[in-house]
Every structure is written in structure tokens, then in C-alpha cells.
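There are 2 protein chains.
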Amino acid sequence: MRKFFDPKSVVVVGVPRKTGAGAYNNVEAMINYGYKGHIYPVNPKAKEICGLKSYPSVLEVPQLVDLAVISVGRDRVLPIFEECVQAGIRRVIIVSQGFAEADARGARLQEQIVSLAREHGVRVVGPNTMGVLNNFRNLNISFGSRSVSEKVSHASLISQTGMMLWAPVRFGYQDWGKAIDTGNSCDVDFVDALEYFDSDPETQVIVMHMEGIKRGEEFLKTATRVTNNKPVIVLKTGRSKAGAKSAVSHTASLVGEDEVFDAAFRRAGIIRVKNGSELRDAVRALLLLQEMEGPRLGIITITGAAGIMSLDACEDFGLRPADIPPTLSQKLEEGMPDWLRIENPADIWPVAMIGGNFVEIYGKTIAQLLQSPEIDGILAIAYATSASDSSFYPFLGLIEPLQRYRIRQVITSLSPSGVIWKIQPLLLLSQINVNLSPA
Amino acid sequence: MRKFFDPKSVVVVGVPRKTGAGAYNNVEAMINYGYKGHIYPVNPKAKEICGLKSYPSVLEVPQLVDLAVISVGRDRVLPIFEECVQAGIRRVIIVSQGFAEADARGARLQEQIVSLAREHGVRVVGPNTMGVLNNFRNLNISFGSRSVSEKVSHASLISQTGMMLWAPVRFGYQDWGKAIDTGNSCDVDFVDALEYFDSDPETQVIVMHMEGIKRGEEFLKTATRVTNNKPVIVLKTGRSKAGAKSAVSHTASLVGEDEVFDAAFRRAGIIRVKNGSELRDAVRALLLLQEMEGPRLGIITITGAAGIMSLDACEDFGLRPADIPPTLSQKLEEGMPDWLRIENPADIWPVAMIGGNFVEIYGKTIAQLLQSPEIDGILAIAYATSASDSSFYPFLGLIEPLQRYRIRQVITSLSPSGVIWKIQPLLLLSQINVNLSPA
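First to last, the sequence lines map onto chains A and B.
In short: position in the first sequence from 1, add 299, done, that's the working numbering.
In short: position in the second sequence from 1, add 299, done, that's the working numbering.
FYI, nobody ran anything at the bench for these hints, they're computed from the structure.
Only part of the chain A face toward chain B is listed, based on derived beta-carbon distances under 8 Å:
#, residue
1, MET463
2, THR602
3, ASP611
4, LEU639
Backbone N, C-alpha and C define an ideal beta-carbon position, used for all residues, glycine too.
Let's have the full structure, built from the sequences with the hints guiding it.
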């Protein structure tokens, strides 16, 4: 599996001569993405593609390459695959569509490829795939240009669609570390990919997009083992009747009852997310935050309204507001208006109203909460106005206590760009927690 | 009510002499926001504030002003309110905190203000409020600077928190048209604000943030009438036990059983949203889209995976994929690979794979769907890669058919910045629809 993500040499069959917008030239895309290995384009009608010598067939490539990428019409795939086998190539990505996802003839063609591969010990990704992505090696096996990522995360993706590999799936400002679109999963499937990412030191969080599954039992066995080592997040689609039906023609996936998946995922320690927003939040939380040891949350807010929203959120997702001891309340109330009670959520807005030092009070409150044994995690609600009024950035108050105390608790900091919009990440934390530490 | 949003003159009591960052000088904030009316600062210790003559008391202001804004310590509010009454002022915003939301003494102070107001026909917003916002008149009654909005919508807000008025609540790139923070709602409350926005020609969509409610029956009666005229979206918080308890100390709101709210809202034709994301989606949809006449959705996608996700979404939210007649399928399949079936969702991705003109096919497919009597609305899934490859912007294919055909259907276009992340807006549409046109 490793060499799918780190091939020293690649032969690409079915490269158009055209380049630029609309050509979907995958050799051009690989070069632009900064791939450092050897690329051998195969196109019987071209002498040169993107400045590289082009070969009339796989058999004439002068080197035994690590990987072949095939993207030709479905009827030409099998003979080219045979040439790859003959050339001794052990890894093939079949981009082409029109196989088991399409019709009976496509299914037969796919079967023939699989038996040939098994017979000769060749591993196949696809067909019907956008291939693999490795942002640690500037490797992008897909047609269509993809801009090189400035920030790469240690979250890796196993997907049944190329869409998830592409631009839209970037979470926050980061990109996947590695990604694989298993497509029709005729050979390399979830189990293989999961095992690879489990052993991959560059992967900390594993994300899966799943429409259906073939080796169900083996997958769950593998996942149960992997989730003890690394978190696994699954976006399972085809939940609905219509969606399940459609999955058959998308990636030839047979989709079971959704409740069965729910239960099986839970047993295997998998975190299931329902949509893209939850997925993004979960990935971000798992990359950035530590695990909470319990459900007791201390909440500091500069708006009572958001405090109430976060209490609603606690109840929705199995967290609970910590009981703050009266002594802590008294400490927090020092310097506040006499009518003000600081409980949990600790709403320190009135401090601004009386002209107090907001940043200082925010910092002091966070510091007190961080030291309390009653609290497993802290939710810090804050925002910055759009103005350049930096005294109003209560987040500044976080810095000093975070530096001073060892942070054993999760801190979910709501971003400056939104308060209530950003409450969802907190919710996800709870879900993650429940899944990561089954009591 | 109108003059709260469009006062020709305002007296501001409790203005600090300090200006700039951290001063929370509301006169400075009003001036910076571009207010065109007269401002009379009141501060016994200052001769001049922000270049304006300052007065020692409300009684010495030489004009009968439309509106007074009071932000002083709670013990000084009542005497100043009495002076306002004496000066003949009929509208007062009390920013100060420490009233019914705080303790028994605060509750008594608030009662005294209310009886004085009733006696003299004075309307009061607050206490415990950030006041009002009118982006059509550059009016921002709140301390803390707020940058002037470049894009103003016709969505207006009624809130129990100033947080919602401020920067974080901007949806998309637009801002509220008008907004009011009713705070403790001692006098002006949801009913008053709802009636005002109902009759306000600058308001098309009414958004409410609600923690609790006082005149419940009157509110529902009013809302039932208003929702026949304009959509009303409510973000009701304090859903949880802990949240409900906390709402009492935030805005002195008594919160009832959440299920009761659910049922009452439904009867009144109110659209209830659960969180900020749903709220933003709902506002955007109601401002931009037309109402669907039925639940039958035609889906065009450039990724099978997103098609499946949208089918899941249909089931979640009461929409259903339209049955596409075979004749339409055949039309859509013209020029496609022979193994490809185009149904609903219409996945036209394979067109790119065979080098077809993506934009043209996208446009043709949308045009066919738009003409079909089987379809009440269209979901168009598309994205642009981050590259400058404009031939890959399938949305370009939308333009021509949209110009050519009268669009009686809702089109939810997923933004270039994300595919699966953006499926939620669609879901909201359904919810909106169910609420706006109860069958």
C-alpha cells in the first residue's frame, strides 16, 4: 500500500495531448503539483507530453515503475491492464468509469481485471476513482488541477468519491495529509486503506467517506483495533432509501440498514458524523484538542445568550455544566458589581459595562476554572468585534493562564468570527468523547 | 415604535469622557457609525464629548428629543428616567444592567420605571439592552464600535441579547437591516417589535432570538397574523433544563416546556431553527429564493457522492426526488457514454471524463429540468476548483437557461466554496417550505 502514496515512478496511460483549462491532463496536474518522481506518459499519438517523452505503450517504458495510472475508455482498460501485468507493474490505479457501477458488461470487465490482478499479485485502486493524494510528497493522482496546499494536516482520508479529495473538503484552512478514493473498491478497499493509515506515522486522524461496504466483518474487526490507536471518523451516506439505491449506481455499493451501521460503528469505536459540517468540526477537534476525562464543562462567556445556548448544547450532546463551588464563585465575583452572581456559565459581560478590564478578568476567570478539580473541560466563548478595538478581544486573556498552567482539559475556543455559529464544534467534542472513551 | 429606529435627535446619558479602544463610548460609536441626527451627550463632569457640547442633565438639553439612551449604574437610572419624563421625552432605551435579571432590588427598580412609563405614556426598551440598530439610517445605539455594513439586507432582528446585533450574527456577507435588543422587555417586547417589523416596508424577513416570553398568547396571535405576511424565524434558546434556569438570570425570562413552544410555533406558522447555522441558512434562503410549490426536487450534480448525500437530505427534511420520465432521461443522455443512465440525481460527471463540454451539458440539463412539470424545485450541485480553470465552473452553465426560462422553481445553488458542507441550506428549504405553506 505504501507505494501507492509514495511511488518513485509512475506510468500514466491515456494522457491527452491537450493541456490547460478543460483538458483534464493528469500528467500536467501531477507536474504542477510538484511531484518529484519520474513520470512516463503513454499516448500512441504523441511524442512528447508536458515536456516529457511519451511512449506508445506501457511495454516500451524503459523502467519498471512503481505505479501505473490508467484513464482510457472502459473497453481499452483490460488490454492495457494486461500490458501492465506483463511489464511487471504491481500497483495500478484505474481512473476510468463504466464498470460495476454502470452495467452488466462493466461488471464483467471489472471481474476480469480482478482475477488477473489476483493471479499476478497486482494491487488495484478503482476503477472509477480519482486516485490518491499525498500532500507530504506533492503527489496528486487526478486530472484537473488542484492548488498545492499551504497547510497540511495529519488527517488522512479514505473515500468512495473523488469529491472528498478535492478542494471542497478542506477543513478550516488545512488540507488532508493523505487521501485515497477507493472508487468501486474492486481490490484495495476500506480494510486495506485503514490498515495502511493505522501504521502510517504521518496520519493521526483517519476520516472515511462510506457509501456501502463489502468486507463488513473484516472492516469492523480492523476498525475495532485501529480505533484503540487512532480516532476514526466516518461519514456514512446512503442513509435514506433513495440514497441507498443511488449508491449502487455510483460505486456499485450495496447499502444495508442504517441502524445496523450505527450500532456496528459504535461497537467498533468509530465516530459517526452526519454531514460535512460535523465532519469538519470533528476533524478539527481531534487534531487540536485533548480528550476530556469526564463530561463536566466549565463555561466562560461574554454573553449570557451564548451561555444559555451552550447549556442547551450540553444537554443535546451529553456534556453537563460543572457545579462550581461557592468559594470559586466568590473568587470570581471579586471586583464585580455587588448584584452580580458568577456561576456556570460564568458571564463576565457586566465587567465591560462597569468599565472593568475585560481581558484581565477573562484571564483570571479562566485561570480559576483551569485549577478547579470540579471541571473536566472549559468552553471559552468570546469574539472580537470587527473594529480594531483590541481591548475588546477577551481571547487575549486566555494566553497567560494557558502558558502558566498545564492544560489537562479540553478548551474549545469559539472563533472570533462567530459566537453562536461556532457552538457546534463544542457539541462534536462530546460526541467524540463518548466514542473515544467508552466507559 | 418607528422613532426608536429613526430618531431625529437623541440624548445620551452616561457617556464616558474617554474615547477610543476600551472606552465603550456610545456617542463616539454613534458618530463613527454615521448617524445624521442631533446627539446631546449628558455628563455633569464634561463640557464637551466627541466635539459635541455636553449637558449637565437631561433637563438642560435645549430641544425636545425623540429618544433618550441611559447607561449609568442601576441606582442612578430611576432619577434620570424621571428627568426624561419631566422633559417630555417619550422614548427611552435603558442600557444599564442589574434589574429584574439580577436580584429583588433590581426587580423593584424595574417595576418603578415601568409604572412611571405607563403613567406618562413613555415607551421603554430594556433595561439590560444594547438598544437598536438601523442600517438604513446609520443608527447604532450601542457602546463598542461596530463597523458600518457594506451590504445591508431586508432581514430584521428582534433579540433578547445584544450579541445577536453585533458582528458575529452577520449572515453571509450581509448584515441585518434593522435590529432591536429587547433585553428584559420591561415594556417594549416581542409583540411590539413584531408589529413594527410587520408594517415596516424595509423588512422582508423577521428573525427572533427568544429565551422566554411574557405575553405568550398575544405573541402567538400576532405571529399568526404576521406570518401570513412575512416569514418569521425563531431561534428559541433555553431548550434544556440548565439553559432554562440560566435564562432567568440573563434576561429574567421564564422559560416553558420546549415541546409547548414547538407546537405553538408550528401553529403560528413560525419557522423554528435550532442553532446559528440553521438560522443563517434560513435567512439566506428566505431572502434569495422563491417558495417551492411542492416537495419534488430535481437534482443535478457533478459528483455522485453529493447526489447520494442530497437524497439522504431529502428524506431527512421531507423533500423527495422527482420521478424523471424516461423521455427526459433519454434527452439528458444524448451525447453521453452509452453505459450511462441519467436519472435523478442527474450525475453528469462522466461528461468530464470523456472530455465533453461540461458547462454546455450542465446548462442543457438544467434547462431540461426547468421545463419539466414533474419538478417543483432544482438543487444544483457544483463547485469550482481552486484553480483558475474556468471551464470547470459548471455553474456557468446555469446562466443561460436561467435567463431564458421563467424560474418558477426554487434553485438552491451550492456555493463554489464547498459541496457537501453546503448541503444544509437545501435542507432548510424544506423546513421553510413546510412552515410557509402548511397544506
